[in-house]
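There are 2 protein chains.
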Amino acid sequence: MKSKILVTCGIAATALSLQADPEVPYPTGYRDWQHVKSMVIEQGHPLYTAFGGIHHLYANNEALKGYRDGRFPNGAVIIFDLLEAVHEGNTIGEGSRKVLGVMHKDEDKFSATGGWGFEGFAGGDPSRRVVAGNAATACFACHQPQKDRDYVFSALRD
Amino acid sequence: MKSKILVTCGIAATALSLQADPEVPYPTGYRDWQHVKSMVIEQGHPLYTAFGGIHHLYANNEALKGYRDGRFPNGAVIIFDLLEAVHEGNTIGEGSRKVLGVMHKDEDKFSATGGWGFEGFAGGDPSRRVVAGNAATACFACHQPQKDRDYVFSALRD
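These protein sequence lines are chains A and B, in that order. Position 6 of the first sequence, counting from 1, maps to 6 under this note's numbering, and the rest follow consecutively. Count along the second sequence starting at 1, add 158, and that's the number in this note's numbering.
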């Protein structure tokens, strides 16, 4: 019986260690959140490969508090919704979703990356995570110089 | 006394006729409404003079019902928020507000223009109305071919 308990504990410990990277939840309902601002990133920009297209930022209510106070509370979520930029007849319109980027504030879960969890969902698909355990190098490294603004680049506008 | 009453009535009638064009209310709080979609209109486009820049569409709850049902109820408001497009380092960002366009559904007040009131507020300033009594020619003429879609060009997207 004792060995059976030990084996069971071993399996449980392995499962725990496999789940060690805290996961950013998919931001259900984000299209109803407040539109913060937008930008087009064009060919020739150093971030074109990763972020070329037209992107919109959205914020939930906790993130709106953060934009106003300069310090984002736990539960704040900022969305970077990147769509293809479709050039047609002297317009730039929106094409399909390239990636849905998420910053999710949780000081405890994401203490290694400034209290923010970072994730990207390819094509907006909740099952296609493109950052996973690489947030420190893939995301936080670029945000780190923004420490005085709680690691956030964007600002609310009228 | 009789002539005094007649004069008073005459003044009242004149005031009424001066107010005959129904006014579209300024859409207070529209930046909290749902972001529908965005587009950049560039030089060379036939509407560049009027609508060049980056614009965002927002919808209130009644307008969201209209997008879903194909028929917009009274009280539906759609915003066309036009900002300067700022080209810088292979990005197109947002500059100052050029005009805040409004479509406001009220079948009775705006029966002459498909049930929609049209207005533009220069620079987003509630006191600078640029359409006023010219909605039929300045706005509705372009929207009229969209009759089957209740005179609306845009559509909701994911």
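Keep in mind that the hints were calculated from the coordinates and are not lab data. Some hints could be false.
What the hints assert, rightly or not - Keeping only pairs whose Cα atoms sit at most 30 Å apart, straight-line, the calculated DSSO-like set for lysine-lysine is: (1) A:LYS65 / B:LYS195; (2) B:LYS223 / A:LYS65; (3) B:LYS267 / B:LYS305; (4) A:LYS37 / B:LYS195.
Everything numeric in this text was worked out from a predicted model, so none of it was measured.
Do the hints match the structure? See the list:
Of the supplied pair hints, the one linking LYS65 of chain A and LYS195 of chain B holds, its CA atoms being roughly 24 Å apart against a limit of 30 Å. Our distance criterion of 30 Å between C-alpha atoms is met by LYS223 of chain B and LYS65 of chain A, whose separation comes to about 29 Å. A C-alpha spacing of about 18 Å is found between LYS267 of chain B and LYS305 of chain B, which places the hinted pair at or below 30 Å, so the restraint holds. This hinted pair checks out: LYS37 of chain A and LYS195 of chain B have alpha carbons roughly 12 Å apart, not beyond 30 Å.
Going down the numbered hints, you'll see the structure goes against none, and every one checks out.
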